[in-house]
Amino acid sequence: MSTASAYEVDLGGLTVPSALVLGGGLVLAHLPADVGVPCPLRTLTGVPCPFCGVTTSIRQAFLGRFHAAVAAAPLGLVVMAGALATLLRLTPSELRIPRWAIVAGLGAEWVFELFRFHLL
Amino acid sequence: MAVCTQCASELGPDDTVCARCGAPVAGAPAAGPGAAPPPPGGFVPPSGSAPPPASPGFVPPPPAPPTGYAPAPPPAGYGQAPGAAPPPYGAAPGYGQMPGAPPPGYMPPMAGGYVQGAGGDGTGLLATWGNRALGFLVDVALILVVELPLYIVGVAVARGFVYLSELAGLAIGIWFAVQLGQTGATPGMRMMGLRCVGQQSGQPIGPGLAIVRAIAHIVDNIICFVGWFFPLWDKDHQTLADKIVSTVVVRTPAQPFSLTPPAA
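Residue numbers (numbering that gives the first Met the number 0), protein chains in the order written: chain H, 0 to 119; chain R, 0 to 263.
Treat the hints loosely; a few may be bogus.
To be verified - Stretches of chain H that chain R covers, calculated by requiring three or more beta carbons in the stretch to come under 8 angstroms of a beta carbon on chain R:
#, segment
1, 8 to 21
2, 29 to 40
3, 110 to 119
As the list claims (entries may be wrong) - From the derived model, a few chain R residues whose C-beta atoms are all more than 12 angstroms from chain H:
#, residue
4, A170
5, W174
6, P260
The set of hints was computed from the structure by calculation and includes no laboratory data. Glycine included, every Cβ here is placed at the ideal spot set by N, Cα and C.
With these hints in hand, go ahead and build the complete structure from the sequences.
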C-alpha cells in the first residue's frame with residue numbers, strides 16, 4: 000500500500016472465488032434448508048458482525064427474492080455484483096478503494112445488521 | 000502526484016522506489032544496499048522482465064537482476080538494476096554465505112527491510128492463498144490427530160479427557176506458533192514451501208510475536224471468517240492477523256514433512 004488513504008485491492012486472483020460465490024449461492028438456493036455460516040461474533044456475544052447475513056442474502060437472491068436478500072444484508076448483493084463483474088472481466092485488475100469508503104460502507108452495513116437484530 | 004515510469008503506479012512524495020514494481024524513482028536520492036529506506040508497503044515484488052530459470056530449489060542468484068536476491072547497485076537505487084548486473088547476494092565480500100548451499104528456507108536480509116527478488120522457483124514471492132490454506136490444513140490435521148482421539152475418549156469414557164484434548168490442542172498450537180516465530184514456518188508451512196516473516200525486517204518474527212499473531216487470528220474468525228480470505232484480494236496477501244503484527248508469507252522451497260524444524 001503506497002498511501003494510507005486507500006486500500007489497494009488485487010482483483011487478479013478473484014476469478015475462482017467469484018465463481019465459487021455464485022456457484023455456491025446457486026447450490027445453497029436449491030438445498031432444502033437454509034444453510035449458512037454461523038457468525039462467530041453473534042454466536043459468542045449475540046452481536047452480529049458487518050458481514051452477517053451475506054450468505055442468506057445471496058441465497059435469497061438466487062431464489063429471486065430480492066426484497067428478502069436486501070433485508071438480510073445489502074452487502075450480499077454487492078458481493079454478488081462484484082463476483083459477476085469479476086467473472087465478466089468488467090473490473091480492473093487492481094483497485095484503490097478510499098479507506099473512508101470502506102469504513103463508511105461496512106459501518107452502514109453493521110448499523111443495518113444491528114437494527115435487523117433489534118440491537119439498535 | 001508523481002507516477003512510476005515503469006508501471007504508472009502512484010508514488011508517494013518520499014518514495015525512492017516504486018512500491019509496485021520496485022523501479023527507482025527518477026530524481027530520487029541514490030541509495031545503496033545499506034542505506035535504502037524501506038518501501039511504503041514493505042514489500043517490493045521482483046522486477047525485471049526476463050523469464051526466471053527453472054531451478055529445482057533455492058539457488059543463490061547468478062549475477063543477473065531478475066532471478067534472485069540481488070541488491071541494486073548504489074547509483075540505481077534499490078530494487079531495480081536496469082542495464083546493470085549487481086553481484087549475487089551470496090557473493091558479497093565478507094558475507095560468509097556459501098554459494099549453492101544455503102540452509103533451507105534461507106532468506107537474506109535486504110537493505111532497508113524485507114525486500115527480495117524471486118528465485119527461479121518463485122522464492123521470495125508472496126505466497127498464494129491456496130498454498131497457505133493447504134499448509135494451514137496440514138497443521139490443523141496434525142493437531143486433530145492428537146486432539147480428536149482424546150476428545151472421543153473424553154466423551155465416551157471420562158470427561159477429563161475432553162479437557163486434556165483441549166489442553167493438548169492448545170499446547171501443539173503454541174508449539175507451532177513458536178516454530179513459526181523462530182524459523183518462519185510451521186510443519187504445514189514447511190511442507191508447502193511457505194515462510195512467515197516481518198514485513199519490514201524480512202526475518203522470522205520471534206516466538207512472542209508469533210503467539211500474538213496466532214491470537215490475532217481471532218479477528219479473522221470473528222467477522223464470519225472473512226479475515227482468512229483477505230489474502231485473496233489484499234495487495235500484500237495478508238490476513239488481518241498479518242496486518243496486526245505486520246507480517247507477510249512468502250514462498251520458499253518446500254521441504255519434506257517434519258514435525259520439528261530441520262537442523263540448519
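- Item | Given as non-interface: A170 (chain R), which should sit over 12 angstroms from chain H by C-beta | With a cut-off of 12 angstroms, A170 (chain R) remains clear of chain H, as the shortest Cβ separation is near 23 angstroms.
- Message: Quick check: do three or more residues in the segment 8 to 21 of chain H have a beta carbon closer than 8 angstroms to a beta carbon of chain R?
- Response: holds (count 6)
- Outcome, coverage hint (the segment 29 to 40 of chain H, chain R; C-beta under 8 angstroms; three residues): holds (count 4)
- Message: Taking 8 angstroms as the Cβ threshold, is the statement that the segment 110 to 119 of chain H is covered by chain R upheld or broken by the three-residue rule?
- Response: Three-residue rule not met by the segment 110 to 119 of chain H, so violated; n is 0.
- Query: Does the claim that W174 (chain R) lies off the interface hold, with its Cβ farther than 12 angstroms from every Cβ of chain H?
  - Reply: holds (24 angstroms)
- Task: Run the C-beta distances from P260 (chain R) to all of chain H and say if the shortest one exceeds 12 angstroms.
- Result: Check passes; 30 angstroms lies beyond 12 angstroms.
Hint violations for this structure: number 3 only, all remaining hints satisfied.
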